[in-house]
Each structure stands twice: as C-alpha cells, then as structure tokens.
Amino acid sequence: MSALLEATDLRKSFGPTPALDGAGLSVRAGEVVAVMGPSGSGKSTLLHCMAGILTPDSGVVRYRDVELSSLADGERSELRRTDFGFVFQFGQLVPELSCLENVALPLRLGGTKRREAEARAKDWLDRLEVSDVADKRPGETSGGQGQRVAVARALVTGPRVVFADEPTGALDSLNGERVMQLLTTAARETNAAVVLVTHEARVAAYSDREVVVRDGRSREVEPVR
Amino acid sequence: MSIGHTLLGLLEKGPRHGYDLKKAYDERFGQDRPLHYGQVYTTLSRLLRNGLVEEAGVEAGEGPERKRYAITDAGVTDVESWLGTPEKPEPYLQNTLYAKVVLALLSGRSADEVLDVQRSAHLRTMRELTRRKAAGDLADQLICDHALFHLEADLRWLELTAARLGQLSAQLSAVTR
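For the protein sequence lines, the chains are A and B, in the order given. Residue 21 in my numbering sits at position 21 of the first sequence; the count goes up by one each step and never skips. To convert, take the position in the second sequence, counting from 1, and add 225; that gives my numbering.
In case anyone wonders, no lab produced these hints; they're calculated from the structure. Note that beta-carbon positions come from the ideal geometry of N, C-alpha and C, so glycine has one too. One should not assume that every hint holds.
[As the list claims (entries may be wrong)] Pairwise CB distance ranges, derived in the manner of DEER restraints: (1) A:S13 <-> B:A324: 37 to 47 Å; (2) A:T190 <-> B:Y266: 48 to 58 Å; (3) B:A388 <-> A:L174: 26 to 36 Å; (4) A:K136 <-> B:H375: 31 to 41 Å.
[As the list claims (entries may be wrong)] Partial list, derived from the structure: chain A residues whose beta carbon lies under 8 Å from chain B: (5) G139; (6) A201; (7) A205; (8) Y206; (9) R214.
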C-alpha cells in the first residue's frame, strides 16, 4: 500500500541548532506509528512539520501526493481542520467552553450547524466513555477525562491522520492506558493513521511499528527474528 | 515461583483434585509455562508429607488422580508467611543486556545500536502483551502488566545508559580536542 503521508529528508533549524537533520517518515492509512527517541531528539519537530504546523527549511512532506509546501497558508489550515486531528499532552481545550462545545468546535468551524455538530460530538463523547462531563468545563474534569475529551475532539471530524504528541504524558498509568486503548481502537475503526510521539515504551506498544529519532535523524529498526 | 505456595493458595478456596489445581494454576499463572502433571503430583505429595494439605475424600472415578486435597491450618499459616515475606529485589546488573552495552562501549561500538535493536525486540513482545491484555480477563491483564513494566524498565535503563554514553563521549572528545 502506498503512503498516505510521507516526509523525506527534512531539515529544520531553530537558530544555529538543527532540530531535524535529514529525518523522514512514511505513514500508511490505518496504521499507528510510534515516533520514539530521547527529549530534544527532534521527534516533536518532525510531527509539527508533517502536520503542516511548521515549515521545514528543506525536504518534502507529501500528503495524498500533494506537497504541503505547495499549498497556501489558508489551504494548509483548511487541510489541518478537515483531514488532520491533534492530541497534545495538555492545554488544548478551550477553558470557556463546555466539553461538548469543545468537541463540537472543529465541526462548527467547518460550518456544520450547531445541532448536528453537537449530536456528533455527543456520539464521540459516548465512544470515549466521558458523556457524563459533556456539560462541564474542561477545568472541572479530571486529567483522564479531559484527555478523552481531547481525543473525541481530534476524531470528531473523521480525520485521516491523527497526530498525538505525548498524549498520555500528564496521566497516571491506568488513565494513560485507557486513553491509548480508546484512541487506537477508534482510529483503527475509522481507518485513520496515527502518528504517535512518545518516549514511553508501554505507550508505544499500542503502535504497529516504531521509528526512532535521534539527533534529528530518523531510523526504522527492523526487528531481528 | 514457588509452585507449592501457589497451589496452597489456590486450595484456600476449597478442596480440589490435582487436575483441577493444574487447570486453575495454568489459567492464572501458567500462560507461558503450564505445569506438568508430574510437578503437580510431586508437589502435592510433598505438601501432604509436610502436613500442609490433607486428603479430603476421593471422587467417584478411576485412578489416584481423583483424590481431593484440602489445605490444613498449618498450610494456611504457611501461605500467610509466604505472602508476608518480601521477594528479594533482584539486581539485574549481571544480565546479558548490561554485558552487551558494556562490551559495545569497551570495543568502541555504538551503544545506540544495541539500544535500537533491543528496543525493537522488546516492543514486539510488548505489543503482543498489550493485545493479549486487551482481549483478556483481569488475571491476564495483571500478568501482562507485570511483564510490560519489567520490559519497560529494561528499556528505560538502556535509554539512560545510551544518553549517558553520548554525554561521556562528547566530554571525552572535548578533552582530547
């Protein structure tokens, strides 16, 4: 199967410090790929470049055979809203909105009517087993509940790629595990690919394969049988 | 693992015959290494000799394996004392992973290489355990978690070591420059 999203020979520097030094990654539809490596290795920068949040200094990111750098800023934003979903470690929900409104937000921004957007949001809150916090604000939920709401919001638009950067980083083992289970199950059911940045092996164990980033370069290790 | 104590613990729920005990043991603790019948009966006769179990009647049927065993008061005390005694925290420092990393370092090879290959093998096992956990009951989940945390600990040690080695070689090259 050909790649859904593919990054080749990415280079990106912040000032004099190279964050990416020839990194690449290829992701097929429906697979969960763990991006591992020590802190500061460039794994989050790789994710941000692949998601079109950052523009690499050189190298190519192709999504469904379209080069992200060939798109105008507005087109890239549109793509992120319609085709990509994002889950970060924390701080991603709008504190003034209820959890239901937070999940409905990406649909509302895309022009879906409130009623329909909230019905779909409610459905995703159910799937993530947090329908009981629908009317609460994010600040009134536990870390585990908040993160499930964030996963619901990432998946509500039916993205083809979900970018998850340390999605369980702020959770205890039990909640982290539940979030990973729900995230990967939902992604596999909808045939979405997941790019999962993590430094935790137990989290990476939910992936289909792993890529290691070290000193800005990525490496796929073939298991020795 | 102490098979004797485990069988005693299983008998606390009520008398069972050997085959039943083996099944109960295999379901909970024997995913990778089920007990042989021989082990069960040797263990039971030792427990019987030491007064930790007693015979509790024979079920209708052929052969000696239909004998039922019950735990005695001394057996219960023995289980309690076993549960109350901590296991010796194993120092894993002598294990093969340690030897490989040290040898890689001493021979000027890349410790990162050892780490990456080992991580890949560890993750393959961890994926299997994660899948088994998702499909299993509580006992499965507990035993898989135990294995997962141990494998993760190995990897964290390897990663820390690789990071330290990187630092060390940077320091060395700065000194010799």
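Go through the numbered hints given earlier and state which of them the structure violates, listing their numbers in rising order.
-> 5
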